[in-house]
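*Asks:* Next come the chains, spelled out residue by residue.
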Amino acid sequence: MSRRYDSRTTIFSPEGRIHQVEYAIEAINHAGTVIAINSKNGIFILAEAKRPSALIADKVDNEKIYKLSGCMVGCVAGITADANILINYARNQVQNHLQAFNEPAPVEKIVRQVANVKQNYTQYGGLRPFGVSIVYAAFSREGGFKLYHSDPSGNYASWKSICIGANSSSIIGTLKEKWTPDIDLTGAKNLAFEAYCKPCDVQSISSKNFETMVLTLDSDDKPLFQALGTDEVENLLKENNPIKAS
Amino acid sequence: MECLIGIRGKDFVLMAGDSVAGRSVVAMKKDHDKMYQLSNRLLMAACGEGGDTVQFAEYIAKNIQLYRMRNGYDLSTKAAASFTRRNLADYLRSSTPYFVNLLIGGYDDSDGADLYYMDYLGSMVKLPFGVHGYGSFFVLSVMDRYYKEDMTRDEALVLLQRCIDEIHERFIINLNSFKVKIVDKEGIHVMKDLRPTTKPPEETPGTQSMDIV
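Chains as they are written, first to last, in the numbering used here: chain A, 1 to 246; chain B, 1 to 213.
If you're looking for bench data, these hints aren't it; they were derived computationally from the structure. Please note: incorrect hints may appear among the correct ones.
Said to hold, decoys possible - Residues of chain B placed beyond 12 Å of chain A at every Cβ, according to the derived structure:
no.: 1; residue: G72
no.: 2; residue: A81
no.: 3; residue: S82
no.: 4; residue: G112
no.: 5; residue: L127
no.: 6; residue: S136
no.: 7; residue: R195
To be verified - Derived SDA-like pairs: lysine to any residue, alpha-carbon spacing no greater than 25 Å straight-line:
no.: 8; chain 1: B; residue 1: K62; chain 2: A; residue 2: E103
no.: 9; chain 1: B; residue 1: K185; chain 2: A; residue 2: K67
no.: 10; chain 1: A; residue 1: K109; chain 2: B; residue 2: D111
Computed from a prediction, not measured in an experiment: that's the story for all the values here. Glycine residues also receive a C-beta, built at the ideal position from the N, C-alpha and C atoms.
With the hints as extra help, turn the sequences into a complete structure.
*Replies:* Here you go:
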């Protein structure tokens, strides 16, 4: 099945595919899930941080959700080491823009710049692509609340709600069914947990595994980033888990 | 020997520059326009070293257009001024500094009309009115006396005429024509050139031509 066309990124297969990029996307499907939902009054992000060992210290570092600027957050799924490079690059680009223009960087610009870096690794140098998908959540005066997603090929698009990582295709199915344009933040929180729990094995779900982020506006109409407290996460889990654990 | 004037009104910026292009003691061109359009609602007046003004102005204008192409929207006045200042400051400590003094006037929907004053060392301030050149010694006093916030276009033009008259009265160099433009919500409008109002020469009493008989 064209195995001789898949060891280098810099060649197409006869079917017109770049196998290395597809394998990178496949790697992401084994990583922790990230669900992001855009609503009328904010964005809710639910990320599953896979703890590979019980000995790992809790809540030392963020693993999935990273602040990129005062108005923007990036959530990663895939190879964490690759993600660190890209997040660092994105943060640098945000500051470069601030230094040149004295105003916050527009999301689209940062998304495009990171996506261009990813694309570079699919065309030049013979190096493997980044095994990272990134979901960007941002607020801007001109565009309101926006969600963007970019994958290892360097393609990106704006989304109403998106899921990346493990079980993403079935979760996206749920989101497609249940998301409406007039959903509010509470509805978004419930929808995220519901969509997450559906394909999951109930035993392995524990509130300690989640990183959450709520993006809203504060009383001065400035973007405000908050994580959910453990109690609220517990409640949302209990209400939306279809299989009641005995 | 050049003079640039900028006045911020209620929802517009009035900008004027003298129209003499000179080298040493010679006035090469008497209808030279020193204002450059950066975008639909952004105007930059530049004075200073001959080639530097045009070179820098065009460089900034094209980069601002490039930003618009890439990102789909125009830069705000503040962002464009900051970008310009960043370039001036970066080039200052290189082997090719630009010796230009600038006034940037623009209109955007979020902040209204804004005027920024920048000098060749890369310092920048937002001002209600600004002047570059020797003319500033005379014009700033006139502005301090007659400027008020939220002027109408007619009031601003009257104030500008006062400034030009004062320059004509006291500045040793003859700047007898100014190009005038207004930036507002609708864009950049070219106004008529302004000249100093000529006063009839006074008859000095006691001197009459004497016929030699």
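*Asks:* Could you run down the list of hints and mark each one as holding or not?
*Replies:* Now the hints, each set against the structure:
Distance check on G72(B): its Cβ comes as close as 8 Å (rounded) to a Cβ of chain A, failing to clear the 12 Å threshold; non-interface status is violated. Here A81(B) does not stay apart from chain A, with its beta-carbon only about 8 Å from theirs, under the 12 Å limit. Not every Cβ of chain A is farther than 12 Å from the Cβ of S82(B); the closest lies at roughly 4 Å, contradicting the non-interface assignment. With a cut of 12 Å on Cβ distances, G112(B) stays outside the contact zone with chain A, its closest approach being about 15 Å.
Residue placement check: L127(B) keeps its beta carbon more than 12 Å from all beta carbons of chain A (closest about 16 Å). No Cβ of chain A approaches the Cβ of S136(B) within 12 Å, the least distance being about 26 Å, so the stated non-interface status holds. The Cβ of R195(B) lies farther than 12 Å from every Cβ of chain A, with a closest approach of about 38 Å, so its non-interface assignment holds. With a CA separation close to 20 Å, the supplied pair K62(B) and E103(A) stays within the 25 Å bound.
Between the alpha carbons of K185(B) and K67(A) the distance comes to roughly 36 Å, so the proposed pair goes past 25 Å and is violated. Taken as a hint, the K109(A) and D111(B) pair is honoured in the structure, with Cα atoms around 22 Å apart against an allowance of 25 Å.
Hints 1, 2, 3 and 9 from the list above are not met by this structure, while the remaining hints are.
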